[in-house]
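Asks: All chains, full assembly: derive it from the sequences and hints.
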Amino acid sequence: MTASPDSFTLSFASISPAMLALAGGALLALVLLVIVLLLRGASLRHEQAEEASFRAAESDARMAELLKIQAEMQGRIAAMTEVFGARQSELNQAISQRLDGMSQRVNSTITEQTKSTHENLQRLQERLAVIDAAQNNIQTLAKDVVGLQAILSNKQTRGAFGQSRMETIVADGLPMGAYAFQQTLSNGSRPDCTIRMPNGAPPLVIDAKFPLEAWNAIRDAGSPEAGKIAGQQFRRDMEIHIRDISEKYLIQGETQDTAFLFVPSESIFAELHENFEPVVQKAHRARVVIVSPSLLMLSIQVIQAVLKDQRMRAQAHLIQGEVAILMDDLGRLDERVRKLQGHFAMAQKDIDMVVTSADKLTRRGAKIEALEFEAGGSEVKPDRDGEPAAKSMESRTGLLKLRVVDEE
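Note that our numbering gives residue 195 to position 195 of the sequence shown, counting from 1, and the numbers run on in steps of one.
It should be emphasised that the hints constitute simulated quantities derived from the structure, not laboratory data.
Where hints are given, some of them may not hold.
[Stated by the list, open to error] Taking CB as the label site, the calculated pair distances span:
| hint | residue 1 | residue 2 | range |
| --- | --- | --- | --- |
| 1 | His317 | Gly188 | 37 to 47 Å |
| 2 | Ser108 | Glu82 | 33 to 43 Å |
| 3 | Glu247 | Ala129 | 48 to 58 Å |
| 4 | Ala270 | Gln183 | 28 to 38 Å |
| 5 | Glu247 | Glu271 | 21 to 31 Å |
| 6 | Leu44 | Glu82 | 50 to 60 Å |
| 7 | Glu271 | Gln304 | 26 to 36 Å |
| 8 | Ala21 | Ser59 | 26 to 36 Å |
| 9 | Ala270 | Leu185 | 23 to 33 Å |
[Stated by the list, open to error] Listed next, the in silico DSSO-like pairs over lysine-lysine satisfying Cα-Cα at most 30 Å (straight line):
| hint | residue 1 | residue 2 |
| --- | --- | --- |
| 10 | Lys228 | Lys209 |
| 11 | Lys248 | Lys282 |
| 12 | Lys282 | Lys68 |
| 13 | Lys367 | Lys349 |
| 14 | Lys339 | Lys349 |
| 15 | Lys367 | Lys68 |
Note that the Cβ used here is the ideal one computed from N, Cα and C, for glycine as well.
Replies: Have a look at this one:
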């Protein structure tokens, strides 16, 4: 059913003016509300734009500050690298100087040892030459042994042979002034040799007149009866000779109470002790000691040691002074060696510390070189007082963390 225009006009006319005024006021309020909302939206957008520009400026300032800090850190690292490089070069120079000094000392020591070794080898060659000469002399002496029997055929020659051998042993073993040959005693007798004893003791008498002709008669006996007779004769000659030594050469207070009877052969000495034991015992009772060349040499060495000990005692204070000086030198040597050992230990410790520091600096430089920064969040939330909260920026590797506080 369609309404006619007349009916619509009638219905509009039936509306009261109050209702129309109310409707117009509502429409006006709606228009005002829209205008207010538009103005507030524009103001809000303007504030957001200002805040965004402020945040951008602040981010630029912080980035500039971070770049400045990074530049300062790079400058400090470069300065530290130069300082450590200079110190390392100085340390290397000092170590090189010390090594050069040690090398010179080692070379000088090796040179001295080489010189000493050369001198020792030269002395050894000289001694070998002396030994060769002595060997040649021994060979010559062995050739001359063939004519020894002819030399011993005469009694005076045999006595001279025994005495010369005894004199050679004594002269080789004792210094000059410690012995005398054919010295006259207070009773007018002249022993073959007298040896001066230390500490003012009486001299020791040595006799070299061995009855060699009676001994040769025993060797030349062709039968047991002849050998027995020759042995008895040798025993009587030995007893007479021992008695003569005891009576002539053993003088109370002038000579020692013991004398030596020199036998010029080791074989004769051995057979004498083996086959003529009563003669040896009688000689002991008469305080006459029968000695062979080896025993006489041993006795001379003992006397030489006693004389040496006496001289050392006389010079004991000089020896003690030299020993004290030697101990002082040894103490200084020990102190210097310990100081040198301490210098080496300190140098090694410094080198280890420098190497450790260089390794740390290298690792830290590599970490700083690979360092990257990024923001901790996309937005910064304000705190309760309306100020932006503190935020932290951390590298992707997590090795460096910087905390920046925003200020107005």
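Asks: Hint by hint, note whether the structure agrees.
Replies: To see whether the hints hold, each was checked on the structure:
Between histidine 317 and glycine 188 the CB atoms are about 44 Å apart, so this pair conforms to the stated range of 37 to 47 Å. Checked against the hint of 33 to 43 Å, the C-beta distance between serine 108 and glutamate 82 comes to roughly 39 Å, which is consistent with it. Remark: the range hint 48 to 58 Å for glutamate 247 to alanine 129 is upheld by a beta-carbon distance near 50 Å. Evaluation of the 28 to 38 Å hint for alanine 270 and glutamine 183 yields a pass: the beta carbon distance comes to about 31 Å.
As the Cβ distance of glutamate 247 to glutamate 271 is approximately 27 Å, the hint placing it in 21 to 31 Å holds. Look at leucine 44 against glutamate 82: about 57 Å separates their beta carbons, and that is inside 50 to 60 Å. Separation of glutamate 271 from glutamine 304 is about 29 Å and conforms to the stated range, judged on CB atoms against 26 to 36 Å. With their beta carbons about 57 Å apart, alanine 21 and serine 59 fall outside the hinted range of 26 to 36 Å.
In this structure the hint that alanine 270 and leucine 185 lie 23 to 33 Å apart at CB holds, the actual value being about 32 Å. Taking the CA atoms of lysine 228 and lysine 209, the gap is about 23 Å. The hint holds against a cut of 30 Å. With a C-alpha separation of about 17 Å, the suggested pairing of lysine 248 with lysine 282 holds against the 30 Å cut-off. A distance of roughly 121 Å separates the Cα atoms of lysine 282 and lysine 68; the hinted pair therefore is violated under the 30 Å criterion.
Taken as a hint, the lysine 367 and lysine 349 pair is honoured in the structure, with Cα atoms around 27 Å apart against an allowance of 30 Å. Between lysine 339 and lysine 349 the CA atoms are separated by roughly 15 Å; this keeps the pair inside 30 Å, and the hint holds. The hinted pair formed by lysine 367 and lysine 68 meets the criterion: a straight-line CA distance of about 18 Å does not exceed 30 Å.
Violated hints for the displayed structure, listed by number in ascending order: 8, 12.
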